[in-house]
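A.B. asks: Position chain R relative to chain F; hints supplied.
Protein chains: 2
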Amino acid sequence: MLTVFGSVALDTIRTPTKVLKNALGGAATFAAISASYFTKPRIIAVIGQDFPKSYYGILNRFIDLKGLIRENGKTFRYDGSYDETLSHRTTNKTELNVLGNFQPIVPEEYKKSEFVYLANNDPVQNTKIIGEFDRIKSSMCDTIDFWISTKRNDVIKMIQSVDSVVINDEEAKLLTKTQNLIKCAKKIMEWGTKYVIIKKGEHGSLLFYEDVVFPSPAFSMESIVDPTGAGDSFAGGMIGYLASKNSTKISIIREAAVYGNIMGSFAVEKYGVDGITKLKKSQIQKRFRQYKSMVRF
Amino acid sequence: MLTVFGSVALDTIRTPTKVLKNALGGAATFAAISASYFTKPRIIAVIGQDFPKSYYGILNRFIDLKGLIRENGKTFRYDGSYDETLSHRTTNKTELNVLGNFQPIVPEEYKKSEFVYLANNDPVQNTKIIGEFDRIKSSMCDTIDFWISTKRNDVIKMIQSVDSVVINDEEAKLLTKTQNLIKCAKKIMEWGTKYVIIKKGEHGSLLFYEDVVFPSPAFSMESIVDPTGAGDSFAGGMIGYLASKNSTKISIIREAAVYGNIMGSFAVEKYGVDGITKLKKSQIQKRFRQYKSMVRF
Chain F
653 MLTVFGSVAL DTIRTPTKVL KNALGGAATF AAISASYFTK PRIIAVIGQD FPKSYYGILN
713 RFIDLKGLIR ENGKTFRYDG SYDETLSHRT TNKTELNVLG NFQPIVPEEY KKSEFVYLAN
773 NDPVQNTKII GEFDRIKSSM CDTIDFWIST KRNDVIKMIQ SVDSVVINDE EAKLLTKTQN
833 LIKCAKKIME WGTKYVIIKK GEHGSLLFYE DVVFPSPAFS MESIVDPTGA GDSFAGGMIG
893 YLASKNSTKI SIIREAAVYG NIMGSFAVEK YGVDGITKLK KSQIQKRFRQ YKSMVRF
Chain R
653 MLTVFGSVAL DTIRTPTKVL KNALGGAATF AAISASYFTK PRIIAVIGQD FPKSYYGILN
713 RFIDLKGLIR ENGKTFRYDG SYDETLSHRT TNKTELNVLG NFQPIVPEEY KKSEFVYLAN
773 NDPVQNTKII GEFDRIKSSM CDTIDFWIST KRNDVIKMIQ SVDSVVINDE EAKLLTKTQN
833 LIKCAKKIME WGTKYVIIKK GEHGSLLFYE DVVFPSPAFS MESIVDPTGA GDSFAGGMIG
893 YLASKNSTKI SIIREAAVYG NIMGSFAVEK YGVDGITKLK KSQIQKRFRQ YKSMVRF
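In order, the protein sequences belong to chains F and R.
Under the working numbering, think of the first position of the first sequence as 653, with each following residue one higher.
Under the working numbering, think of the first position of the second sequence as 653, with each following residue one higher.
One chain only, chain F, in its complex shape (with noise of 0.2 Å):
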């Protein structure tokens, strides 16, 4: 059983090709849909009351969502844009709305949950929930430059308490004031995660666990429309495989972070959640066997 804890959100995003107003967001949402594939993911987040029923309705063909609570005020949302590039993203606007206040609580049968995902939340929250689960197999947190920057300690603190971080390049270079990515892998390890998982976009990921890396390369893409969410689908469709096969076996994570590469290549050939709410397990399959012979040598 999986539970992802984290942001289900409003954003407005402007890509050279298309801006998307108000459209279903946020890293739980991303993360908890791409999970589904493999497991029945469990959320525990927040919306507002102007949270469009067509959302609620799209994320409820997904995902449990017993955790998700609407509160009274207006959905968190996120406004940024992309450079032609659609390699940096700028945030124009930030409002966190119900999500300033937001006191998680984790349901009484999701305690239960073997595989817990923790989103780029606050690293206090994400601390504090962590030691709300009492049977994990494999807990995975992400975190972002906004945290590193402001509580840097609550991160390394956060970092102690799960099995795994995923975070990508820059921030792991931010975090650990270190340029090269095996030095940085290793300094986060020595604060007491096991497995650590630098995603670098179009460049794939590196998964470090003792003292191996696992370099796997992106699934090699010529139509990229949107990167929004491709790290929270990475994410969410590695922790998701672990959870499917209740397993933490090494062969099982390295396979893992394969699907969490496939998952963020289908998150990125789409505008918004599209990329992972139109899929079928079979392409994700299909796409496996490709990957395996495009690596092949």
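Read the hints as simulated data drawn from the structure, not as lab findings.
Since this is a predicted model, take the numbers as computed values, not measurements.
Please note: incorrect hints may appear among the correct ones.
Pairs involving identical chains hold if they fit within one copy or between any two copies, as the list cannot separate such chains.
[Said to hold, decoys possible] List time: in silico EDC-like cross-link candidates among lysine to aspartate or glutamate, alpha-carbon distance up to 20 Å: (1) Lys835 with Glu921; (2) Lys835 with Glu736; (3) Lys825 with Asp735; (4) Lys852 with Glu822; (5) Lys829 with Asp735; (6) Lys846 with Asp863; (7) Lys933 with Glu784; (8) Lys944 with Glu907.
C.D. replies: Chain R alone, transformed into the frame defined by chain F:
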């Protein structure tokens, strides 16, 4: 049989940890020494009267030097500085010296070479020289931003005359005026070359042919001290391996790209040419095996 045409230089390389003055360098030096672990390469290059005997001795250990001409004047000199991350190099000075008026001559016995590597020379010279080989099985060229900016049409003509192009990611984008690397590679192949290998430094490489992409992550390394010559070592390792197999089968080309990565990884581990001059064949084989298990899933 493999012939390499390119520069032999005296390099001043400024890294954050060490400054090398008048070190043995040059694209042909790195490419040919790297190739020498697979085949006995021949070289077409020029040096000046100041070229140290000891450097000649090093080249002579690895390379057939019939095509290495000594002319009146000074050897080509390059002076560059790396930034702290070792990802960016600034050119401080380039003195062409004897390279300025060099008219390369292909020794009669070199003309039967089945494999030819044209380093980042003037594209007009590269195109001219490739015409002098009459039994070519596979030819490969590189190029740099200087030629792309000053002689783009000649670069495209050169590309039409070879079987494969190795080029780094930034240069591929500059050359094709395209951001997506798959689109870059397609455009280069449309110009008339069969294979495109895009080098991405620490992110490894992408080999393209027909509608296939073979991504090959870099061999992960913690201790990179000097990236000079990594790309040339990559290309030399790749074509050297092809020459040793006397083959252009796809499966061999894919393996060759991995050997390219591996030779690049040795090059960056030590300063100057030390990474590839102090190697044993068994170390290369060992790293190839490590690479295989590194990427397995």
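A.B. asks: Does each hint fit the structure? Answer for all of them.
C.D. replies: Results of checking the hints against the structure:
Within a single copy, Lys835 and Glu921 get their C-alpha atoms only as close as 32 Å, which misses the 20 Å cut-off; across copies the closest is 15 Å, which meets it. Taking the shortest alpha-carbon separations for Lys835 and Glu736, only the inter-copy value of 15 Å comes in at or below 20 Å, while the best intra-copy value is 31 Å. Proximity of Lys825 and Asp735 under a CA criterion of 20 Å is satisfied inter-copy only: 16 Å between copies versus 22 Å inside one chain copy. Taking the closest pair of Cα atoms, Lys852 and Glu822 come within 20 Å of each other both inside a single copy (8 Å) and across two copies (17 Å).
For a Cα distance limit of 20 Å, the shortest separation of Lys829 from Asp735 across copies, 16 Å, qualifies, whereas the shortest one inside one copy, 26 Å, does not. For a Cα distance limit of 20 Å, the shortest separation of Lys846 from Asp863 inside one copy, 11 Å, qualifies, whereas the shortest one across copies, 39 Å, does not. Within a single copy, Lys933 and Glu784 get their C-alpha atoms no closer than 32 Å, and across copies no closer than 55 Å, so neither meets the 20 Å cut-off. With identical chains, the CA atoms of Lys944 and Glu907 are at most 20 Å apart both within one copy (10 Å) and between copies (15 Å).
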